[in-house]
Structure formats: structure tokens, C-alpha cells
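Protein sequence lines correspond, in order, to chains A and B.
In terms of our numbering, the first sequence opens at residue 165 and continues consecutively.
In terms of our numbering, the second sequence opens at residue 1260 and continues consecutively.
Derived by calculation from the structure, the hints in this document are not laboratory data.
One or more hints might be untrue.
[Said to hold, decoys possible] Computed Cβ-Cβ distance ranges for the label pairs, DEER-style:
| id | chain 1 | residue 1 | chain 2 | residue 2 | range |
| --- | --- | --- | --- | --- | --- |
| 1 | A | Gly249 | B | Pro1608 | 54 to 60 Å |
| 2 | B | Gly1440 | A | Gly249 | 31 to 37 Å |
| 3 | A | Thr185 | B | Gly1595 | 50 to 56 Å |
| 4 | B | Phe1431 | A | Ala290 | 47 to 53 Å |
| 5 | A | Val239 | B | Arg1603 | 49 to 55 Å |
| 6 | B | Met1564 | A | Val241 | 37 to 43 Å |
| 7 | A | Ala237 | B | Met1564 | 35 to 41 Å |
Since we're looking at a predicted model, the values are computed, not measured.
All C-beta atoms, glycine included, are put in the ideal place defined by N, C-alpha and C.
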Amino acid sequence: MNIPEDLRYSSDHEWVRLEGTRVRVGITDYAQDALGDVVFVDLPAVGAEVSVGGSLGEVESTKSVSEVYAPVAGVVVAVNPELSGAPEQLNADPYGDGWICEIEVADPGTIDTLLDPGAYRALTEA
Amino acid sequence: MAADETTAPEAADRRSPLHEVHLALGAKMVPFGGWEMPLSYPNGTVAEHRVCRSDAVAFDVSHLGTVRLEGSDAFDVLQGALTNDLHRIGPGRAQYTHLLDEEASVLDDIIIWWVAPERFDVMPNASNTSRVRAAIGGIDVTAERAVIAVQGPRARERLAVVAPEAAAVGRFRVLEFDWKGAPCVAAGTGYTGEDGVECAVPAEQAPAFFEAVVAAGAMPAGLGARDTLRLEAALPLHGHELGPGITPLQAGLGWVVGWDKSEFTGRAALDAERETGPRRRLAGLVTEGRQPPREGAVILADGQMVGTVTSGNFSPMLECGIALGFVDTEAGLTQGDSVALEVRGRSLPAVISPTPFWPPKKGAS
């Protein structure tokens, strides 16, 4: 299972990449593998204010529907427009082209409360 | 991310003779009807689906039951228990039929392989095998064999490399053949809307047979693709489009009933329903976007509830949402009418559409 060293993770299988005061958010390789082929992504609205654990939309595969939870609090400032027409990018490149949205973080310090790669790996192997 | 668990975890204590082959091929295994079966292989459900439409795939469908009836009274037992008329076929042919209860609910939908004059292999759904045996008797030989379905426009060409005799079986024909000395049965049947052949192979030889079919170019495909393929072909799945409270007429399967034969279980209730017309009918639904409609979604016409979705998913060929659902007859809806599907509090526009969804009708607007 691919778990990049430069990211932080939530226990709900989202990843976070800090870029200044923004974070880019997606779902992990483990999550996309568990979902199977993603056929539809319901993206959050740009401008939406989210709290930790709040909804960032839904990801639907041929077999199930899963909610995406905000790993940090803040305002959604960008969404990945490619996912509407090509949701399979979420399977093919979950940490790259398959990113879901960007959040302007209310308190960048909260990033440190997320799981580091080692802790996340331990979670997925439990 | 959290999965929306719509079904409780089920026990899966039975394994196919092909279990080790699936693991070696990297299959994702899931519980299904008491069996542990492949959901998909590393290519994924959508790729498996498309290859079945363009080339050939191989499914392990060993979880289907095989109940064997032999002897001079086998014909009469089946003719009296099941809806379809065995006089329509003969030895060496296959027939799709239903087992009803007294209220004409479909207890199971079944394929019969009439293998030899006094031998019938009756194939119920995995979880209904004991129910079917209670109605017709016979011997459960499910554990003795694997059933391998090779499906797709190039299925016969691929299968011919492994078993040329089996590959030549006609549509809805059944024949016995030997594979490396093992007695096998082939039938020109399937559940994908494509041409194809299903082969019952003794458990011992089945792994080598499956591997040979895959080596001949059929892509292994799992239950995920089997479900999206059958939905595009608008083929019913028991527990969804068939089951308690659902009659063959409501499901649009009146052709499964041998109206000219004398008696079968559920006949009286079915005759009464035929007289008045079914109160609801199965309809096809197509959505504009990619969001899959799902089982349980409420069908609304002009704000009024007129039915419920029984199966829904993304169509890999049409690249939009498709669904089957029961619609109240008195709503008076016809093909082309607009409805709304309530999916988790949101409304998804859909159109009542002809089925099967695939292949699309030539010349249709």
C-alpha cells in the first residue's frame, strides 16, 4: 500500500498536504482500493466552511457510497474539476491527479494532530 | 471516508473449487449468498465489464446451486413445480423458469439444463438452493463441480482453444463433453446480455480449466462486473427484481409462465393477477449524469411517490446512471416520461426508458 512520507493522514483515510496556509485533501491508496472503481464524485462547494469531521462530499464506486470527511477545519477554496468527468483518476492517482479539494486552514497547528505516515500505516495494517 | 454499509456482514463459509486460483490472480474476495467469491480482480469492475462487451471474460459462478433430478418421474416433478413449460424444449436444451409460492411470489428464478432424457440439472441462486430442493427434491451436487461462465462476443473463440466441443454449443443448448477425461456439461447460457457458454467442470479439474480459459485470453471477472453487466442487460436479480411479494407478471416476465400447461404452484394467484393486470410493473430508468441511482431510492412523478428502485448503478457503456424499479400501474407512466429519484435526500432526474439498456436499440432517438 502506497503511503507517501510527506503527507499527514486522518483515521478516516483522507490525506492532507500542507502548502502554506492551505491543505490539499484526497483519499488514500488504501481507501481507493477498498472502494473499487470510482464512478462518481460529489465535490464540496467552493466557499463552504467545514469543521473537522464535516462532509466534503461523497465518493461512489460501482459497489458503494462513501462520505469524505474534512480532516481539518477551514474554508474550501478549490475543488478538482477533472474529477467530474474522470472520477477514475481517484483510483489511478489518489495522491496526485485524484486530489479532491483544497482547504484554507483556520489553524495550521491542527495539522500536527493528524496521523503521521507510520501511524497511518499501523492503522491500515491493524 | 466512511463506507455506507447497506448490508450487514454475512457469513461465508463455502468456497469455490477455484478459490486458490482467485487468490493467485489477486482477486478481492467478498461474502455472497454464504460463499466467499471474487468481487473483482486487479483490472477492476469497469474494465472487466467493458472487456465482456468487447471481447471475453471468465466468471466463477460455482455459488449457483446444482440440484440433480434423475429418473422417469423427474419431468413430471419439475413440470408440476415450476412455471415454465418443459414441453417447449427437450433433452439437450436449457430453460429459464420460476418457482412460485401460492401467492405467486417468485421464490427463486432458475435455469434448468435438460442434460439427458431422464437427467435435469436445476440451477437455483446460491442462497435459495435448500428452498428449491424442498420443492422439487433431487440431489445437491453443488460441491462436486465448479461452474465457469465464459461470456462476450469472443467467448466462443477463446473457449474453443480449451474445449472446442463446449465452444460450439448452441444458444440455450446443453451438451455433455469430456475435458482431459473428466465429464463436463456446457450450456449456451449466461447473465450478461452477451453470447457465451457456461461450463460445469468437476471440482478436481476446474482450476486447470479456468486457468486454461484465462490463458486463452478471457479476462477473469468478478461479481461486481456480473452485476453491472446484468443490470445493463436488464436481467432480474433475485432479492431485488424478484422475491417475496413480486410476481413474474410484475417483473415483466410473463413469457416464463407456461399458461397452456395444467398446474403449477402459484397458478391460481397468477391467473387472478393476469385477469386484473399487475398493480405495478418493472421499469427501466436512465439518469443524465454519472451519479448511480441506488436500491431503495423513491421514484417520484410530479412530486408523488409512484415506485421504488430495486437495482441501480453506473452504466460503464452508457456512462450514466441506470436503474430498474417497480412503478405503480395507476401512475400511467410510459417510456420517455420524466421522474425524479430521491437519493439520500437529493433528487436525481431520470427518464423511463426501454430495456435492455445495452445494446441500445438501433434507430432509437
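Exercise. Taking 35 to 41 Å as the hint, is the beta-carbon distance of alanine 237 (chain A) and methionine 1564 (chain B) inside that range?
Worked result: holds (39 Å)
Exercise. Honestly, do glycine 249 (chain A) and proline 1608 (chain B) meet the 54 to 60 Å range at C-beta?
Worked result: violated (19 Å)
Exercise. Between methionine 1564 (chain B) and valine 241 (chain A), does the beta-carbon spacing fit 37 to 43 Å?
Worked result: Given range 37 to 43 Å: holds, Cβ gap about 40 Å.
For this session: Mind checking the hinted window 50 to 56 Å against the Cβ distance between threonine 185 (chain A) and glycine 1595 (chain B)?
Result: Roughly 52 Å apart at Cβ, these two residues keep to the hinted range, so it holds.
For this session: Starting from the range 49 to 55 Å, see whether the pair valine 239 (chain A) and arginine 1603 (chain B) falls in it by beta-carbon distance.
Result: For arginine 1603 (chain B) against valine 239 (chain A), whose Cβ atoms are near 25 Å apart, the range 49 to 55 Å is violated.
Exercise. In this structure, is the beta-carbon distance linking phenylalanine 1431 (chain B) and alanine 290 (chain A) contained in 47 to 53 Å?
Worked result: holds (50 Å)
Problem set entry | Hint check for glycine 249 (chain A) and glycine 1440 (chain B) - Cβ pair distance inside 31 to 37 Å | violated (53 Å)
Hint compliance for this structure: hints 1, 2 and 5 are broken, all remaining hints hold.
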